[in-house]
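Colleague: Kindly produce the complete structure, drawing on both the sequences and the hints.
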Amino acid sequence: MKKIDRTTSCFKTEELMEYHKWIKEIPYISFPKGWRVQISPPFAGALVRFRVEHNNKYISVYLDAYEHLGYYGKPYWEIYPYDGDTYRCDMENVDELIKAIKHSLK
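Sequential numbering of the sequence shown, starting at 1, is according to my numbering.
Worth flagging that the hints you see were computed from the coordinates, not collected in a lab.
We put the CB at the ideal spot given by N, CA and C, even for glycine.
Some hints here could point you the wrong way.
[Unchecked claim] Here are the simulated distance ranges between beta carbons:
| id | residue 1 | residue 2 | range |
| --- | --- | --- | --- |
| 1 | F31 | K2 | 33 to 41 angstroms |
| 2 | G84 | K24 | 31 to 39 angstroms |
| 3 | K33 | T7 | 18 to 26 angstroms |
[What the hints assert, rightly or not] In silico lysine to aspartate or glutamate, EDC-like type, Cα no more than 20 angstroms apart, as pairs:
| id | residue 1 | residue 2 |
| --- | --- | --- |
| 4 | K3 | E14 |
| 5 | K74 | D90 |
| 6 | K106 | E67 |
| 7 | K24 | D90 |
| 8 | K21 | E92 |
| 9 | K24 | E92 |
| 10 | K24 | D95 |
| 11 | K106 | D83 |
| 12 | K102 | E78 |
| 13 | K99 | D85 |
| 14 | K3 | E15 |
| 15 | K21 | E53 |
| 16 | K33 | E53 |
| 17 | K102 | E67 |
| 18 | K33 | D83 |
| 19 | K102 | D83 |
Modeller: If you want it as structure tokens, here you go:
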């Protein structure tokens, strides 16, 4: 792919996913001490992706704002694994997100 084509595609994706809008709406997250957080590219339609590592356990987290990956009715965080399944909570509820990640890391 030519550089100009890649750049054009990036700008189209930025517009389509409304990155500037979401910068203002995605809440800050305070992670507990000792957690290592790895930011990942937002593949498969997620708006944000990251992994949390603590004591050699890993949790995958993504933010789905457009229901590209599942249905929730509004923007949501999903973590995996959570008791052998997934866990979802409202984008705004980062306290619940942190609590669910803590549960999965035990």
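Colleague: If a hint holds in the structure, say so; if it doesn't, say that too.
Modeller: Okay, the hints, checked on the actual structure:
| no. | hint | result |
| --- | --- | --- |
| 1 | F31 / K2: 33 to 41 angstroms | holds (39 angstroms) |
| 2 | G84 / K24: 31 to 39 angstroms | holds (36 angstroms) |
| 3 | K33 / T7: 18 to 26 angstroms | violated (39 angstroms) |
| 4 | K3 / E14 | holds (16 angstroms) |
| 5 | K74 / D90 | holds (7 angstroms) |
| 6 | K106 / E67 | violated (29 angstroms) |
| 7 | K24 / D90 | holds (16 angstroms) |
| 8 | K21 / E92 | holds (15 angstroms) |
| 9 | K24 / E92 | holds (12 angstroms) |
| 10 | K24 / D95 | holds (19 angstroms) |
| 11 | K106 / D83 | holds (10 angstroms) |
| 12 | K102 / E78 | holds (14 angstroms) |
| 13 | K99 / D85 | holds (16 angstroms) |
| 14 | K3 / E15 | holds (19 angstroms) |
| 15 | K21 / E53 | violated (29 angstroms) |
| 16 | K33 / E53 | holds (11 angstroms) |
| 17 | K102 / E67 | violated (25 angstroms) |
| 18 | K33 / D83 | violated (23 angstroms) |
| 19 | K102 / D83 | holds (12 angstroms) |
Of the numbered hints listed earlier, those contradicted by the structure are 3, 6, 15, 17 and 18.
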